[in-house]
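Chemist: Chain residues, written in single-letter form:
2 protein chains.
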Amino acid sequence: MSRLVPPHGGKGLVCCLLEGAELEAEKKKAAGLKQIEISSRAKGDLIMMGIGGFSPLNGFMDKANWKSVCEKMLLADGTFWPVPVTLDISKEDAAAIKVGEEVALVRKGEIMATMKVSDIYEMTEADKKWECELVFKGEGPDSQNFWEVAPKDHPGVKMVMAQKEFNVGGTVKVLSQGEFPTKFPNVYMTPAQLRAKMDERGWGKVAALQLRNPMHRSHEYLAKIGVEVCDGVVIHSLVGALKPGDIPAEVRVECIDTLVDKYFVKDFVIQAGYPLDMRYAGPREALLHATFRQNYGINNQLVGRDHAGVGDFYGMFEAQEIFKKIPQPAEDGKRLLCQPMNIDWTFYCKKCDGMASMRTCPHSKEDRVILSGTKLRKMLSEGAEVPDHFGRDEVLVILRKYYEGLTEKVEVKMQRAASGSAM
Amino acid sequence: MSRLVPPHGGKGLVCCLLEGAELEAEKKKAAGLKQIEISSRAKGDLIMMGIGGFSPLNGFMDKANWKSVCEKMLLADGTFWPVPVTLDISKEDAAAIKVGEEVALVRKGEIMATMKVSDIYEMTEADKKWECELVFKGEGPDSQNFWEVAPKDHPGVKMVMAQKEFNVGGTVKVLSQGEFPTKFPNVYMTPAQLRAKMDERGWGKVAALQLRNPMHRSHEYLAKIGVEVCDGVVIHSLVGALKPGDIPAEVRVECIDTLVDKYFVKDFVIQAGYPLDMRYAGPREALLHATFRQNYGINNQLVGRDHAGVGDFYGMFEAQEIFKKIPQPAEDGKRLLCQPMNIDWTFYCKKCDGMASMRTCPHSKEDRVILSGTKLRKMLSEGAEVPDHFGRDEVLVILRKYYEGLTEKVEVKMQRAASGSAM
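First to last, the sequence lines map onto chains A and B.
Heads up: the first sequence at position 7 corresponds to 14 in the working numbering, and the numbers run straight through without jumps.
Heads up: the second sequence at position 308 corresponds to 315 in the working numbering, and the numbers run straight through without jumps.
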């Protein structure tokens, strides 16, 4: 019997992905349906509904669910759910379809799913702003002047504000997992696949490390605390889309592979990836991570500094604090069962002679090796030496190569621009 | 409202220590009662019953409880309890008292308690052996030839086999905490005192580190994992008696003070001591630690390598495994609520560039700084250099001083012996 935490929502893994003959039949039917182009974010959400990662969701939210989730972090039926999962469509598309109809959801030429429309609701500028304030506003300095800063600097807010004029809700049948299974063959995993792997190892108490950045010593430290006190750790990377300037998934996966190979005991670590785009919703996204990770069989979500944050929108540890304030329905199935494993700001400390956090190291700033991501990127792209103890050499080599490539690309572009090339 | 785990047994803190007028009256009465001399171990047990550390026990076990605890790790009423807490008396004393009578329990001239006798039962050689096999026998090499090795090399077994011919059970009224409050004024704490201190800090999830040795980097690492994932850690030292050769409590407390001062963040650590003698019962003693720690408000017991072990009697991690096999009654109050926080063998690893365990470090023996206690004692007493990263310099200074003192004492003894001095 599995020792893993049950999926969220009390209905087992709710998987909307079709297979075999059913899939073929639905594909044929879909070709004849009204086609609606969807965003990259919606594609990731769809795949998660396909593979059970978003259990118990089986479609995009109607107005009642959207409103309830924004306001109360509960689905209309009282089940915990932290962020809206909605599909935006244009005024024209909204006028062309009606409730009860089936439509095909398409991303860049591939039919990803069919949906049986259950609700079409307008999203005015005011509605979008209302959603953004509830979902994205935090307690950091940037959130104090939210509407001055966010529309330009918050990628999640920008995305919602740029959504089309209507949302459409309805249950989905998912037809494809997109490029993920082939692009990340050893990393991309469905909840059922990850659960099977963990069941094989007999795991019950599992920690997950959320990663959207290359793994430095601080991340390694978090993961290893997970290994020390749980049956094992899942290094669970986002392999969907990020904001410009972030390091692409392929490079991150290579860094993790190397790190796992050289610095982890393989029995106690699994690298896995999930197909979502970043929402940058800080605390609420930390809750989303815990929610879908429960579906993946994970019951301890490592939460460090500024989890899923962006700029100065969120307080350093808001994503830890929010777990104490969420509604936790009495019914087991409706409650979030994946717990936060909160870790303070971590660093290497020379006096401690190892990694430490603000909770375990009493020493001073001068004893600690602390580097901002921006500073590190600068050092790497300039080929400068990174301070001792900050990262693992084997990982820095990969990052250096990536940044050199970037620099070359920029130089080529500049040369082309200078020589007037049209390419 | 306190966030701490409730005391074991579902009856709150059961404290048999008298105070004020009641204490004075009982003391007067006790002076006129039949006096029974008790062992050092029984004195520690008594004080624990006095301060609520052994809740729900309110006296020494009668035959039914002794038998049930040895066999099933349950009190006769079905409450979990891992080791017998009994009082041995001589044949002569047994003949001189009877059930229903009150007696005074005395240790080295001090009346520690009165007891209302409820049961007097013979402990034959066979009974003692039966108890020893159930309580002390493990799975290590020394336990394979238990009766050849234990009577000479297992201090716990030696103690039980040397017990007098009878046990006497009955409820107690405790009159004194002995020398502990004055000898360890900043360290010795009752469960109520430790709970108050932790309530003040708002702690709910608390880890405890069991210590009967000076604190090296490995112990520090365990404690700090506790700090990272709990509200705080209690460094909880045994301040009762140990086997010859172990380092006395005063020296250990000084080492911990220094370590806490230089290497811990004070908000997240409390040093405390409890008045028991070591039983060296390995796995069963680890359970006893978890049981009385629950009374102290602790719900996570750090369990490392060979917890409470002696020689090669116990498997390296038997004390971790036993937690999975114990009877856990359905009723909340009867169940052990303090959980083990198991940590593998830990060490400093040069390649990891910090502390690690067998679960987190994939490197080889050559990369690790591992030192046996025996080897370390030898190095310290000879004034030899201890390898880098093994201990904190500030602690090693204290230990060196202690061992130099020991060496001087031995030298003085030898000189005296050589010069024929009678002192």
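One should not assume that every hint holds.
Just so you know, same-sequence chains aren't split out, so a pair can sit in one copy or run between any two.
[Said to hold, decoys possible] Pairs of lysine to aspartate or glutamate residues, derived as DMTMM-like cross-links and limited to a Cα-Cα distance of at most 25 Å, are as follows: (1) Lys-41 to Glu-117; (2) Lys-105 to Glu-26; (3) Lys-385 to Asp-126; (4) Lys-358 to Asp-238; (5) Lys-98 to Glu-401; (6) Lys-273 to Glu-328; (7) Lys-18 to Glu-117; (8) Lys-372 to Asp-360; (9) Lys-332 to Asp-253; (10) Lys-408 to Glu-261; (11) Lys-159 to Asp-374; (12) Lys-35 to Glu-78; (13) Lys-135 to Asp-374; (14) Lys-41 to Asp-160; (15) Lys-408 to Glu-172; (16) Lys-74 to Glu-33; (17) Lys-115 to Glu-328; (18) Lys-79 to Asp-206; (19) Lys-357 to Asp-264; (20) Lys-159 to Asp-319; (21) Lys-385 to Asp-319; (22) Lys-115 to Asp-149; (23) Lys-331 to Glu-186; (24) Lys-273 to Asp-126; (25) Lys-372 to Glu-109; (26) Lys-159 to Glu-186; (27) Lys-171 to Asp-339; (28) Lys-357 to Glu-338; (29) Lys-357 to Glu-33; (30) Lys-204 to Asp-238.
By construction, these hints were calculated from the structure, which means they are not laboratory data.
Every value quoted in this text rests on a predicted model; they were computed, and no experiment measured them.
Chemist: Which hints, by number, does the structure contradict?
Modeler: Of the numbered hints, 2, 3, 5, 7, 9, 11, 12, 13, 14, 15, 16, 17, 18, 22, 23, 24, 25, 26, 27, 28, 29 do not hold.
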